[in-house]
Amino acid sequence: MNLTLKVWRQKNTNTEGNFENYDVQGISEDMSFLEMFDVLNERLINDGKEPIAFDHDCREGICGMCSMYINGSPHGPNRGVTTCQLHMRSFKSGDTITVEPWRAAAFPVIKDLTVNRSSFDRIISAGGFVSVNTGNAQDANALPIAKEKADEAFAAAACIGCGACVAACKNASAMLFTSAKISQLALLPQGQAEREMRAEKMVAQMDIEGFGACTNTGACEAECPKGISLENIARMNREYFGAVLSSKEHE
Amino acid sequence: MSWVTKTLSSSLGRKLIMAVTGLSLVAFLLVHCGINACIFLNDGGETFNEAAEFMAKNFFIRAAEIGLFAGLILHIVDGLMLWSANKKKRPVQYAVVSKENSTWYSRSMGLLGTLLLLFLVMHLKHFWVVSRFTDVITGGQKTLFQEMQEVFASPIPVIVYVVGCISLAYHLLHGVQSAFQSIGWNHPKYTPFVKAFGSWFAIIIPVVFAAMPIAMHLGLIK
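Going line by line, the protein sequences match chains A and B. So the first sequence is residues -13 to 237, counted in the working numbering. So the second sequence is residues 96 to 317, counted in the working numbering.
It should be emphasised that the hints constitute simulated quantities derived from the structure, not laboratory data. Each residue gets a CB set at the ideal place from its N, CA and C atoms; glycine is no exception. Take the hints with a grain of salt, since some may be wrong.
[Stated by the list, open to error] Partial pick of chain B residues on the chain A-facing surface, computed with a CB cut under 10 Å:
# : residue
1 : R109
2 : P186
3 : W280
4 : T286
Given only the sequences and the hints, what does the whole structure look like? Please build it.
This is the structure:
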């Protein structure tokens, strides 16, 4: 396959970026999108040019690092996949493919296609944890959990924190991410100790980081590689309003 | 900042304000549409004029009208604040944006709302100002039904009203079910009903409203 790539190049956070065009030849349709970038980068290095910086780690769809906005969609045109799981057979030879970084005030560009997603880490550390006593792990069956609850919590926990929801949202909102992280713990007995504080603090941190509000367009759910449901955002709303109405902490 | 202001000024709280004020406007639309639909009885506006007079003179209705305007203004101001805040969350725009992941009207609530507001200014001037602040109706010079006939005799208001109703339909098509999501009402048992209710409401109410100026202009209602 022969393709034309229109790739965002940006030296660092403080400089302005621009698109550059690259022609790539002899790409196999069995290659992943990232492998196609590897081929291009090897050529750039051999030519003595600066390779394109992009995030990647596991290359099997579970780490959430590969964050390319391809032809107007996070992780490209296919649904339910990350960029590493996107294969070149999804394109035609001769196509021009536009590749951009995630665009959000809360995700500043580090270089080229890599963005700083530590705002997600700070939302997690604001309340996305459980207190566990030290000592031996207790017997798994000592905590009865309904199958339906366990399934729902697991579905929310499937979030890999890739940021596609933010990238897809017209408001660059992190509601799907934050709500999944609140839900996975709120649904389980282990998460009850910090339940009220968690919803309040994580939502507050999400606002501080500069993510937008939710318009319920559903773009995040449609683009999420892990199929995280909008039901989680409704649950977060309930958790948050329930917490502020009942918690005894107030200024 | 008190916990109340802190909550209502958070991103979730602002959406709660949009949802609650929006749903109260939905309730108002139902009453407004029901009363106006009396003109379809084709009794020379007798029933409609009676209902309109009750709405204009009843103390509780007039008190609720103040609440309605407060809710409307809050809905507009909060909507504009959300719109301008959300716009700043993506300082550098994408060069290419796929539009397949959401409906155009869910992304255009601000635009549809602005169209509705423009329509509303004209609409209030036509009927609300005339009936509440002049003695044209109360003084018995003409009935509200006759006022409707006069306004809709020329085609321009009819077109504006139909465009207003189309904006209303799309605004409601997303807004009604979105309001339930914002207050946290999403449940496998009830959400299919909420979505169906929202869609039917968004079709029926604007169609009935749009039928009024059209029918009057064509002289089907006398």
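Here is what the structure says about each hint:
1. With a least beta-carbon distance of about 6 Å to chain A, the hint placing B:R109 at the interface is held under the 10 Å criterion.
2. Against a cut-off of 10 Å between C-beta atoms, the interface hint on B:P186 holds, since the closest Cβ of chain A lies about 6 Å away.
3. For the restraint placing B:W280 at the interface with chain A, the shortest Cβ-Cβ distance is roughly 7 Å, inside the 10 Å limit, so the hint holds.
4. With its C-beta approaching chain A no nearer than about 8 Å, B:T286 sits inside the 10 Å limit, and its interface hint holds.
Going through the hint list in order, the structure satisfies each hint without exception.
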